[in-house]
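Q: Spelled out from the first residue to the last, the chains are:
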Amino acid sequence: MKFLVCISNVPDTTTKITFTPDNKEFNKAGVQFVINPWDEYALTRAIELKEAQGAGTVTVLNVGEADTEPNIRKALAIGADDAIRVNAAPKDAYFVAQQIAAVAKEGAYDVILMGKESIDYNGFQVHGMVGEMLGIPTVAPAMKLDMSGSTATLEREIEGGKEIVEVSAPFVASCQQPMCEPRIPNMRGIMTARTKPLKVVEAVGEGARTEVAEFALPPKKQGVKLIPAESAGELIRLLRNEAKVI
Amino acid sequence: MSVLVVVECDNGEVKKSSLEVASYGSQVAQMLGTTATAVAVGEATEANLAKLGEQGISKVLYDAEPRLKDFVNGAYTKLIAGAAEKESSLVIVLANSNIGASVGSRLSVRLQASLATNVVELPKNNGGQFTVKRGAFSGKAFADVVLMGERKILAVKKNSIEALHNAGQVAQVERFSASLTDADFVDAPKQVVMQDQAGGVLLPEADLVVSGGRGMKGPENWHLIEDLAKALGAATACSKPVSDVDWRPHHEHVGQTGITVSPNLYIACGISGAIQHLAGVNSSKVIVVINKDPEAPFFKAADYGIVGDVFEVLPKLTQAIKELN
Ligand SMILES: Cc1cc2nc3c(=O)[nH]c(=O)nc-3n(C[C@H](O)[C@H](O)[C@H](O)COP(=O)(O)OP(=O)(O)OC[C@H]3O[C@@H](n4cnc5c(N)ncnc54)[C@H](O)[C@@H]3O)c2cc1C
Ligand SMILES: Cc1cc2nc3c(=O)[nH]c(=O)nc-3n(C[C@H](O)[C@H](O)[C@H](O)COP(=O)(O)OP(=O)(O)OC[C@H]3O[C@@H](n4cnc5c(N)ncnc54)[C@H](O)[C@@H]3O)c2cc1C
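Taken in sequence, the protein lines are chains S and C. Under the numbering used here, the residue at position 165 of the first sequence is numbered 972, and the numbers go up by one with no gaps. Under the numbering used here, the residue at position 109 of the second sequence is numbered 117, and the numbers go up by one with no gaps.
Chain S on its own, in the form it takes in the complex (with noise of 0.2 Å):
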């Protein structure tokens, strides 16, 4: 089974977001970038997977810019064979699928794996539209994802509760817990992943189909109302009669 694992570079979690004075950009400075979390899972399960069948490939897959490659060197560290990065700024979401789908159909990858969402823009939307373009099933977002032969069986989340889905190679997926645990790069993944392949190629399609015109920050909270712990019952009180939530 030929694997392709698509990684978005993201700002830490941890991150305090700010932008440029203009609000058109997000200020980058000092911003510590990682593989989006839940692509962690696609990666670490497309690596059990073909551990499990004792043959085949994972090749990871990221649309950016030259300052993506460290975390594409890390997926390499963590285990994936091969990486291609399309040497692009990811304007949007349709333009990002267009690349990916391009590249899969070129490479005729089996499985396609993707996370849940991107915690950056939080699209949801980029695992439909290649399942789309690909004209293939699209499982999002899976919880779980076993293999035999080149059939899947995955459970996927649904409002309340969960759906067991079976679809045939190639299809396309998009991970989250509990599916896996995710690996950490160890010593010799690190070695490695220095001389294993990263080929970077060109983008293809047309542009993007959404533009952000500015970005805001959250209002501010009011400040914290306390109440005493004795009188706990004021607290219901209050959110009947002020805040009236109950």
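Do not take every clue at face value.
With a straight-line cut-off of 25 Å between C-alpha atoms, the simulated SDA-like cross-links for lysine to any residue are [unchecked claim]:
1) S/969 / C/50
2) C/300 / C/327
3) C/132 / S/826
What follows is a list of derived Cβ distance ranges for each label pair [said to hold, decoys possible]:
4) C/249 / S/997: 19 to 29 Å
5) S/1033 / C/180: 50 to 60 Å
6) C/58 / S/858: 50 to 60 Å
7) S/876 / C/19: 46 to 56 Å
8) S/1021 / C/308: 24 to 34 Å
9) C/323 / S/834: 38 to 48 Å
Keep in mind that the hints were calculated from the coordinates and are not lab data. All residues carry an ideal CB built from backbone N, CA and C; glycine is no exception.
Since the structure of chain S is already known, use the hints to place chain C with the ligands on it.
A: Positioned in the frame of chain S, the structure of chain C with the ligands alone reads:
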């Protein structure tokens, strides 16, 4: 040219989040000088669909194909695309749910539309520029996004707008067939397992949420959370470490790497308020924090707080609610 609204139904009822989506769609229709048509997915009854008139919907298209009861991405996409063609819709509105966003992303490719998910406000249409506000950076920011395509698809986040209730208005329910074939059901579920939720309130749809963290000390104390949730009619949730050690199931884990909730009320019990946790809850209308440490970061994000021991405070709150009801 009508605005097309996708309403999700379950056990015959229109989901509450879809009543909001319908209200959103009818307001967009009004803005654009047209009407709003709904297309129903899931298990619906014609009587309940007709009631969507109260949310400003004029017409509801309904395909009674029994296999549409469960979510099937391929079939739902074809059904909605068919309805959009029939209505020549340039704007399609769905819920920002796992179902809505999954279908929305496929549709955006099929219909060559611009897509915005996680939408939190009604759009602005200034000088032909169609802009919507959406949540980004896991609740830490918002982005005004311009949709450049002629066709637009919007997935609206729960609890972002009030549902309309124009009593007595009735929508016309029309049978609609998307001529679905077996090929549209290749990703049909083999089995659907619904969670057995205490009190029957599902977290993603809940208006009120009671959530517990490591400060609850262990699963044996969760009856305190459940009792309060039951008295309020709330759903229960937890922090990541709590589900990591299996005190609670994974579907209750909220935060940046769990689910995002935006209820009217979020009560955090023994949760410190780490930035990754806040990301999943900070669009809640009112946040209450109960923590014995007055320095806990969560108090900075709270509207009401009690500095105290959860084991003493929670029974008092449950008691106070029971007295009130
Ligand atoms: C400040 C800032 C502004 C941005 N502005 C926009 C914008 O205006 N519009 C916009 O749509 N995007 C924007 N992006 C880009 C965004 O980061 C994404 O790369 C891309 O748009 C997809 O985001 P999504 O949230 O829709 O992805 P999702 O659909 O949430 O991602 C799902 C999965 O797709 C895969 N994936 C996503 N992005 C990539 C990628 N680049 N390379 C490889 N795999 C990927 C991952 O597996 C991911 O888990 C912006 C990013 C930043 C940091
Ligand atoms: C990449 C990444 C992603 C993450 N994603 C998430 C996520 O999605 N969601 C999430 O929740 N976390 C997430 N985390 C973890 C997060 O950083 C915190 O570790 C976690 O939220 C802490 O959980 P907690 O508040 O339950 O526990 P703690 O931080 O241990 O806090 C327990 C609190 O309980 C209080 N307490 C103790 N005893 C009592 C008592 N008797 N009465 C009252 N109060 C008491 C303490 O004062 C303390 O404030 C993530 C971390 C990383 C690195």
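Q: Using the Cβ atoms, figure out if residue 323 of chain C sits within 38 to 48 Å of residue 834 of chain S.
A: Distance hint for residue 323 of chain C, residue 834 of chain S holds at roughly 46 Å.
Q: At the C-beta level, are residue 1033 of chain S and residue 180 of chain C separated by a distance inside 50 to 60 Å?
A: With a Cβ separation near 53 Å, residue 1033 of chain S and residue 180 of chain C satisfy 50 to 60 Å, so the hint holds.
Q: Is the hinted pair residue 969 of chain S and residue 50 of chain C satisfied, with a Cα-Cα distance of at most 25 Å?
A: 15 Å, holds
Q: Given the hint that residue 132 of chain C pairs with residue 826 of chain S, test it: the Cα-Cα distance must not exceed 25 Å.
A: OK: residue 132 of chain C and residue 826 of chain S at ~22 Å, within 25 Å.
Q: I want to verify a distance hint. Is the separation of the beta carbons of residue 876 of chain S and residue 19 of chain C within 46 to 56 Å?
A: 50 Å, holds
Q: Just tell me: holds or violated, for the beta carbon distance of residue 249 of chain C and residue 997 of chain S against 19 to 29 Å?
A: 28 Å, holds
Q: Quick check on a hinted range of 24 to 34 Å for residue 1021 of chain S and residue 308 of chain C, using CB atoms only.
A: 26 Å, holds
Q: Does the Cβ pair residue 58 of chain C, residue 858 of chain S satisfy 50 to 60 Å?
A: Taking Cβ atoms as reference, residue 58 of chain C and residue 858 of chain S lie about 55 Å apart, which means the hint holds.
Q: Are residue 300 of chain C and residue 327 of chain C close enough, with their CA atoms no more than 25 Å apart?
A: 20 Å, holds
Of the hints listed earlier, there is not a single one the structure fails to meet.
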